[in-house]
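Asker: Sequence lines, in order, name chains A and B.
For the first sequence, the positions run 1 to 292 when our numbering is used.
For the second sequence, the positions run 1 to 968 when our numbering is used.
It cannot be assumed that every hint is accurate.
Stated by the list, open to error - Stretch by stretch, here's where chain B covers chain A in the computed footprint (C-beta under 8 Å, at least three residues):
| id | segment |
| --- | --- |
| 1 | 6-13 |
| 2 | 19-32 |
| 3 | 71-80 |
Said to hold, decoys possible - Partial list, derived from the structure: chain A residues whose beta carbon lies under 10 Å from chain B:
| id | residue |
| --- | --- |
| 4 | T152 |
| 5 | L155 |
| 6 | V160 |
| 7 | E161 |
| 8 | A164 |
| 9 | L166 |
Don't read these hints as lab results, they were simulated from the structure.
Don't be surprised by glycine CBs; every beta carbon is placed ideally from N, CA and C.
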Amino acid sequence: MTPVELLRALSIFAEPPEPEHARVADLLGLGEGIDGAAYAELFVFQLSPYASIYVGPEGWMGGEARERIAGFWRAVGRTPSAEPDHLGVLLGLYASLGEEGQAAGAGAALAAEARRALLHEHIAPWAFAYLDHVEELAVGGYRRWSELLRETLALEIGRVEPAAALSAHLRAAPGPADPRAEGGPAFLEALLAPVRSGVILTRAALGKVARELGLGLRAGERRFALEGLLGQDAQATLGALAALAAREELAHRRRACLLGETARFLARRAGNTARLLGELAAESGTSKRVGG
Amino acid sequence: MVERGSLERLERVVSAARADAESRGETFYPGASRVHLASFPPKERWNDWVELDSRAWPRRKEKRYMLVPTTCFNCEAACGLLAYVDRDTLQVRKFEGNPEHPGSRGRNCAKGPATLNQITDPDRILHPLKRTGRRGEGKWERVSWDRALDDIAVRIRKALEEERHNQVMYHVGRPGEDGFTERMLAAWGVDGHNSHTNVCSSGARAGFHWWMGMDRPSPDHANARVIVLVSSHLETGHYFNPHAQRIIEGKKKGAKLIVLDTRLSNTATHADHWLSPYPGSEAAIFLAVANWMIREGRYDRDFVRRWWNWPDYLAARGETGAPFERFEELLRELYAEYTFEYAASESGLDADELRAVAEVISTAGTRLATHNWRSASAGNLGGWQVARTLTLLSALLGALATEGGTFPNAWNKFVPKPPRLPGRHPRRWNEVQWPREYPLALNEMSFLMPHLMREQDACLEVYFTRVHNPVWTNPDGFSWIEMLSDARRIGLHVALTPTWNETAYFADYVLPMGHSSERHDLTSYEQYDGQWLGFRQPVLRAARERLGREIGDTREANPGDVWEENEFWIELTWRIDPDGSLGIREFFESVERPGEKMTVDEYYGWIFANTVPGLPEVAAREGLSPLEYMRRYGAFEVARKVGRVFEQRVPEGELEDVHVDARDRVYTRAPAPASPQAQGGTALEPDEDGRRRVGVRVDGEVLRGWPTPSGKLEFWSNTLAEWGWPELAAPTYIKSHVHPSRLEPGRMPLISTFRLPVQIHTRSANSKWLDEIAHTNPLWIHPADAERLGVGETGRLVRVTTDLGYFVVRAWITEGIRPGVVACSHHMGRWKPEGQPGQRLGMMTVALGHSGSEWSLAPKRGGGPFRSEDPDTLRVWWTDVGVHQNLTHAVHPDPVSGQHCWHQAVSVVPAATGDRHGDVSVDTDRSRAQFKRWLELVRPAGRNSPDGLRRPWWMLRPVRPAREAYRF
């Protein structure tokens, strides 16, 4: 049976902590570290908890991906939330559908089907990779939270029927863009859109690249910072990003037994990105500037 | 790695903890979050809520609040507010939404939070004042409440003792409460309830009432497939905030929005189909849609057969007993002339566009939500047919009281029965309010009062204006000034108002009553398919009581000597009848301690404990008394999903010695079951043997039906036919008084019925935040008209001439209005005469000129900065506070509904030399001539009453007099 209350309880931690969070954190045994500063660092600066960022072709909040998710809300007879693709809201919706699925009556089967569709279409294509990154960056309570949530979702994946087809978000998204054919701006746009590159490139990851390469990280949004790194040393930066993409490919492949074609699709995307970045790094000896 | 068993254990732990918290009435999870674009403090922390003090920034200084709910008193929506009471100073620091309120659900428009401006307004009236000079001269002295109460009470007592009951009148603008005052007037035996409704919503009400026996619509916007608005409910209007949020919900779920508005309003900008018709042609459009639906067979045939009173229509044609198919044939014939082409020629719209709209409406099925309020129904002669033809569309689709359809108000409203309800009716008929010339008027003919008082040579001993400003709000304000200044007509004028207004300047007493956070009231309004009860309370009184302090009456907690009406009326009644000899005082005595005064705690405590189903149980679960619960949360949802009441089967227990008449109306000897709700609604005649009407037989079943004479939806109104209007008895189109065929050359319609989104009639001039956003009312004029009339450019002054005189206003040249029509919001143009005290914010100072019947108003000083205890008043940057156009409007009473038909036929020319913005000139002799001209349209009860009554007995009426008073 779907652990609806556990999902609801976990969902609230994707939102800024209020005093009520402490009681729920205690019950879940999350431990210390659920506070405003940790929340802001994790969910505001590094990993915004909106599906559209991770499954939308622009890699931005909103757009077509959010519309598609809002359409799902309408299809299951609900008024879309103001932010229908927020992780907390999606988990809340999943819990509600789970509750309806447990009730007796004709609606139960429909709710179960809706729950399955929500999981495969709008949660699984991004949440597992996302939570792995949260676990990597978080400390204390939020780290424990990401473990619990990932395991709970994994349990659900095991409970529902497998996906009949690849999520529409993934099917609709174009792949990486080659700057040699499509230009630098298109390349950066695709690289920073996880569904196109197969890679979640956090601000922290860029900082780590800068530190390791001894480059300066310019303050600003990721694209601006990335352009700064490429401008300073394109070859080294592209090489470091290629390594990141290769690691991401491996991570996706490890999820294949759980997520099937979804994981394999993302692994292929990450693999293609890694190869492209490797080629560009090799070529960048002759052409210094890549990107912006 | 997390063990599966561990996840299951956590699920059990969290579930148990949640159940435990909620059993204590606490919220387990944090409230709706920023994800939902709202953030509400959890209710268990309302008593000690901590926020950082914004003024201390960048220091992190904590501030502690007590959150006390109350109800907004700006517009009629009665949205929930939470007052943030500073625990250190016991002052209100801000108002936010009350998430526990089922209607507004924690959301407010700008007017809710602006309540703070009203309670801290440096010019508000804080003490009772008595006139010392001539009326209107501006000389006042501060008096005690005792002195004012005694003076008023003596006069009323004398009037009652001398059987001059009709010389006591209470004239209300914004009621903002349900039942208290009507109960009081019934106790006094006075038919003196006068309202503003005939300058407001009577037209729309009449249209709904003739169909359903209930006079307001309650559209279920959130679940609609198609929404049709003849109103501007996404920006203003009755129940604007609760409705707007549900309209948007409906749109988010895919509903199509159709808006009829001659102006490009904010509502029109959100429409899928915006129709900008020539004013007054709306009913022709709806009939064209109906005609097409009927011809195409796109209506719910079975619903029409079961629920329309079509046999009455056939009978009226002499075809009693003819089959339904014959009615359908006649229906097709009746509306055949209303083609899209005809509607296009009347409205100036494109026939294909109208056809497209008809297609959309016909796809709604039972999910067609419609609303008409004010707007076209308040603007035009025959405007009531706009609501009646709009309801025709709902009735064709069977979209009444369905999910996503339109409910009648009474089923989505809960008015609890109060203690010590006077079971009697006034024995007298007040002819000034209910003149025989307008027997079918849905509400009091209040705006004709100066003319009717003169015609009938009537006078009043005591006249209360309460949150009402007829001099400014009504048409023909100078006639009001003439009446109010005449001591022979008005013996004592008592203005009950929280703030200065144009009418209060002509009062004898100005008595300060509280704003929304300073008074008690009960409210319940139809805003979705459910019933809720809202409690307005004086928040500082409630806060002090929470801290354990005893409060004698609300004045102790309110600023200055500001009082509230509940306690005022109780006290006044006791002074009118101190020994109980008039038989009035008993209704204001304590239930528990007869002989002592009833307190507001007892009054509301009794209601909440005895007549609100479910409330005592819910309160008990939190360890609270029902009154404590309402003081803590401010609102309670009595019912949700009320559904199709008319289809409910009448239980066997109510069917005793049943009689079914030839029209399938069912009568019973069984008494009506006890209801927690106060009595109201239409009065249905018993059968000849005295059985009460219990329902109607439909297809062999006894169902509740509708509270109409037939028990069905009245497509055909026998009442209208029998009282002299057979040609209007079925939904039809009446050409407006501003129809092109009735306009003199050079005239064009002026639309004045629209609000400015953040303002609210006469009540909000003292809100600095609202004034900054909206403070003037230019004349909307299309570029083609501006060119034709030589207006030049936006900002130029124009002179607008009406039947009574003229006003001077700035032009706003915009394509947002259709060519050939001008518009000017009735909001703004507030003023105070030179030498009067009063409001400075939002008001100009004027010189009133008067010679014979000639009146003028000349602005002397506009708005602008001024020094006060509020430093913000020095920051007022605007000077233009608008123009008071209503002074130049003649009275236009619709001969059927009684509604004032607001649209004016005007000419517009560039201002003359010497004209100044805001100038007004009027001749009240011309006003009387217009009154007489419109009087020629009536069909008075004296000539048309079929049963010797002044008014059909069954019709709705506030403070319904005894049956014998209905007879001439």
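Asker: All hints are to be evaluated individually against the structure, with a verdict given for each.
Answerer: Evaluation of the provided hints:
1. 6-13: Satisfied; 4 residues make the cut.
2. 19-32: Result for this restraint: holds, n = 8.
3. 71-80: Three-residue rule met by the segment 71-80 of chain A, so holds; n is 3.
4. T152: With Cβ-Cβ at 6 Å, under 10 Å, it holds.
5. L155: Hint on L155 of chain A: holds, closest Cβ of chain B at ~6 Å, below 10 Å.
6. V160: Hint on V160 of chain A: violated, closest Cβ of chain B at ~16 Å, above 10 Å.
7. E161: At 19 Å from the nearest chain B Cβ, E161 of chain A fails the 10 Å test, so the hint is violated.
8. A164: Since the shortest Cβ distance to chain B is 26 Å, the answer is violated.
9. L166: Hint on L166 of chain A: violated, closest Cβ of chain B at ~27 Å, above 10 Å.
Going through the hint list in order, the structure does not satisfy hints 6, 7, 8, 9.
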